[in-house]
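Asks: Next come the chains, spelled out residue by residue.
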Amino acid sequence: AQTVTQSQPEMSVQEAETVTLSCTYDTSESDYYLFWYKQPPSRQMILVIRQEAYKQQNATENRFSVNFQKAAKSFSLKISDSQLGDAAMYFCAYKGRNNNDMRFGAGTRLTVKP
Amino acid sequence: KAGVTQTPRYLIKTRGQQVTLSCSPISGHRSVSWYQQTPGQGLQFLFEYFSETQRNKGNFPGRFSGRQFSNSRSEMNVSTLELGDSALYLCASSLERHSTDTQYFGPGTRLTVL
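Residue numbers (my numbering), protein chains in the order written: chain A, 4 to 117; chain B, 3 to 116.
Be aware that one or more of the hints could be misleading.
[To be verified] In silico DMTMM-like links for lysine to aspartate or glutamate, alpha-carbon gap of 25 Å or less: (1) Lys73/A / Asp103/B; (2) Lys73/A / Asp34/A; (3) Lys58/A / Glu20/A; (4) Lys76/A / Asp29/A; (5) Lys81/A / Glu55/A; (6) Lys59/B / Glu77/B; (7) Lys81/A / Glu20/A; (8) Lys116/A / Asp89/A; (9) Lys81/A / Asp103/B; (10) Lys58/A / Asp103/B; (11) Lys73/A / Glu55/A; (12) Lys73/A / Asp29/A; (13) Lys76/A / Glu64/A; (14) Lys81/A / Asp29/A; (15) Lys76/A / Asp103/B; (16) Lys59/B / Asp34/A; (17) Lys81/A / Asp34/A; (18) Lys59/B / Glu55/A; (19) Lys76/A / Asp34/A; (20) Lys116/A / Glu13/A; (21) Lys59/B / Glu98/B; (22) Lys59/B / Glu84/B; (23) Lys59/B / Glu32/A; (24) Lys58/A / Glu18/A; (25) Lys116/A / Glu18/A; (26) Lys59/B / Asp29/A; (27) Lys58/A / Glu98/B.
Note that these hints are calculated values from the structure, not bench results.
Please model the entire structure based on the sequences and the hints provided.
Replies: Here is the structure:
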């Protein structure tokens, strides 16, 4: 079974600084998709970024980028120029090619200090 | 385009009762997935519906059931409620069942069982 591990329950970053959230996963599949979702205190889960396993190039979305290491089964999220609005729970998620149920990590609570 | 909507947003029930939660997907989305979020177990997949058929089911007892209507709206039912069913129930929709499709989440229904 696929599992997703986020080893950092909490992280904090100074406003305008850069922070990296870690995620590792375990799978025997070769084709899959990885996601980072953000869940602010309002509870609405928002997609931050996604990565297709077959793509070697790391995905980027404005201030958000990933470091995808397929062999190491690692998928970290880098947030540059952190803003107060980035404060939230961040979940790493895995979705296999042949199913539509996502496996989530336990989450990392990010605090942004002004 | 309107996002995923869930009703009600908050619900309080007592043990032994049953409850029905509703989810309206993004217009044009045909796949609806349900997740349970608790502090102890995190985010866990409940089931997925596509074309009015349950396509995938997580490891939950038979008290948890669902259905999907021809307009893709979905309902989730929990019978004989237990204290441990207190959770945030999230619904997510995606365009189809393709592995490339991203799931977009609703705001959730907070269920409290007393």
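Asks: Now tell me, hint by hint, if it's right for this structure.
Replies: The hints, checked one at a time:
no.	hint	verdict
1	Lys73/A / Asp103/B	holds, 20 Å
2	Lys73/A / Asp34/A	holds, 10 Å
3	Lys58/A / Glu20/A	violated, 28 Å
4	Lys76/A / Asp29/A	holds, 7 Å
5	Lys81/A / Glu55/A	holds, 17 Å
6	Lys59/B / Glu77/B	holds, 15 Å
7	Lys81/A / Glu20/A	holds, 11 Å
8	Lys116/A / Asp89/A	holds, 10 Å
9	Lys81/A / Asp103/B	holds, 23 Å
10	Lys58/A / Asp103/B	holds, 16 Å
11	Lys73/A / Glu55/A	holds, 10 Å
12	Lys73/A / Asp29/A	holds, 11 Å
13	Lys76/A / Glu64/A	holds, 21 Å
14	Lys81/A / Asp29/A	holds, 21 Å
15	Lys76/A / Asp103/B	holds, 21 Å
16	Lys59/B / Asp34/A	holds, 21 Å
17	Lys81/A / Asp34/A	holds, 23 Å
18	Lys59/B / Glu55/A	holds, 24 Å
19	Lys76/A / Asp34/A	holds, 12 Å
20	Lys116/A / Glu13/A	holds, 13 Å
21	Lys59/B / Glu98/B	holds, 17 Å
22	Lys59/B / Glu84/B	holds, 20 Å
23	Lys59/B / Glu32/A	holds, 20 Å
24	Lys58/A / Glu18/A	violated, 31 Å
25	Lys116/A / Glu18/A	holds, 6 Å
26	Lys59/B / Asp29/A	holds, 21 Å
27	Lys58/A / Glu98/B	holds, 22 Å
Figure legend: structure checked against the earlier numbered hints; hints not met, in rising order: 3, 24.
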